[in-house]
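2 protein chains.
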Amino acid sequence: MRIGELAKKTGVSVRSLRYYEEKGLLTASRQKSGYREYNALAVEQVDTIRLYLSLGLTTEQIAGFLHCVLKSREAFCAEVLPVYESKLAEIDEQLRLLTSIRSNLTERIAAIKEDQVGVERVSQERVKEG
Amino acid sequence: MRIGELAKKTGVSVRSLRYYEEKGLLTASRQKSGYREYNALAVEQVDTIRLYLSLGLTTEQIAGFLHCVLKSREAFCAEVLPVYESKLAEIDEQLRLLTSIRSNLTERIAAIKEDQVGVERVSQERVKEG
DNA sequence: GTTGACTCTGACATCAGCGGCAGGGTTTAT
DNA sequence: ATAAACCCTGCCGCTGATGTCAGAGTCAAC
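Protein chains in written order, with the working numbering: chain C, 48 to 177; chain W, 48 to 177.
Mixed in with the good hints there might be a few duds.
No copy labels: a pair is met if it fits in one copy or bridges any two.
To be verified - With a Cα cut of at most 27 Å, we get these calculated DSSO-like pairs of lysine-lysine:
id: 1; residue 1: K79; residue 2: K134
id: 2; residue 1: K160; residue 2: K134
id: 3; residue 1: K55; residue 2: K134
id: 4; residue 1: K79; residue 2: K55
id: 5; residue 1: K79; residue 2: K160
id: 6; residue 1: K118; residue 2: K55
id: 7; residue 1: K160; residue 2: K118
id: 8; residue 1: K134; residue 2: K56
It is worth saying that the hints were derived from the structure and are not from the lab.
None of the values given here were measured: they were computed from a predicted structure.
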């Protein structure tokens with residue numbers, strides 16, 4: 048099949064498919080016209096790529112083990128676990144940072160609301176006094 | 048003071064100070080040489096900018112209310128709360144996403160380790176059998 | 001044989017804060 | 001007065017997957 052059909056079957060843009068090829072994740076033979084020619088396996092291969100991308104891995108990381116996992120189970124591919132674990136550490140770091148920012152934000156939001164209530168109270172008192 | 052001194056006092060790079068000016072966060076008068084001239088208030092102004100940046104706000108968002116908060120309390124600046132709240136929503140969305148990815152990752156890591164243990168067991172059995 | 005749909009490569013744009021360089025002027029200390 | 005240290009503007013780079021456009025070739029249907 049040609050690239051447009053693969054794009055439709057996978058829901059991935061033509062641009063992205065070409066990008067995956069550029070990054071060594073996807074290969075295609077060529078028709079004599081120069082058009083890329085994919086076999087049926089390409090569909091699940093693209094699905095696999097998307098799965099790894101959805102885990103936040105970079106194309107470079109995926110390229111490091113994709114060849115292996117397309118043929119064996121992940122557990123047999125020594126490159127996978129270290130990548131997963133470094134990604135996990137990275138995510139935990141981001142979670143720590145985001146959580147910290149979140150807590151600062153909620154604190155400040157609460158402080159503003161307190162302050163506004165205080166102001167309203169003063170306004171109310173002024174109304175009563177007036 | 049000149050930009051280098053402000054940079055030292057705030058711990059912010061000269062490059063960043065110029066960037067803040069470009070984004071309308073920081074203004075400076077000019078000496079006749081063309082050099083930027085800052086007054087003492089600039090130090091806390093930069094600290095304020097850094098504080099907002101550390102909350103994950105963009106220079107554009109900060110520019111929207113900085114002028115006000117430099118003169119009044121945050122609660123008096125109507126622009127602040129909506130920005131905080133939209134940032135909070137954004138962070139919660141990122142937390143959801145990261146948490147979901149994290150759980151997928153740990154699942155896959157566990158599956159790999161299970162699989163490897165299984166393989167080791169088989170190896171062990173082979174050793175025993177052999 | 002022509003039109004329209006498809007494909008090709010190459011390259012720039014994005015988001016954002018900042019690093020860093022080039023080529024030039026200014027200030028300051030010796 | 002000269003070197004060192006400082007400052008100026010302007011511009012490219014970076015991160016990374018993808019959108020998008022241009023200019024050109026290919027293929028299918030009518």
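Hints, verified against the model:
In this homomeric assembly, K79 and K134 never come within 27 Å of each other (Cα to Cα): the closest approach is 42 Å inside a single copy and 53 Å across copies. In the homo-oligomer, the alpha carbons of K160 and K134 lie at most 27 Å apart only across protomers (16 Å), although the nearest pairing inside one protomer, at 38 Å, exceeds that limit. Proximity of K55 and K134 under a CA criterion of 27 Å is satisfied in neither setting, with 30 Å inside one chain copy and 36 Å between copies. Taking the shortest Cα distances, K79 and K55 sit within 27 Å of each other inside one copy (23 Å), while across copies they are farther apart (64 Å).
Taking identical chains as interchangeable, the C-alpha atoms of K79 and K160 are never at most 27 Å apart, the minima being 69 Å within one chain and 46 Å between chains. Within a single copy, K118 and K55 get their C-alpha atoms as close as 25 Å, which meets the 27 Å cut-off; across copies the closest is 56 Å, which misses it. Taking CA atoms no more than 27 Å apart as the test, K160 paired with K118 passes between copies only; the shortest distance there is 19 Å, against 58 Å inside one copy. In this assembly of identical chains, K134 and K56 lie within 27 Å of each other by CA distance neither inside one copy nor across copies; the values are 29 Å within and 37 Å between.
In this structure, the hints that do not hold are numbers 1, 3, 5 and 8, in rising order.
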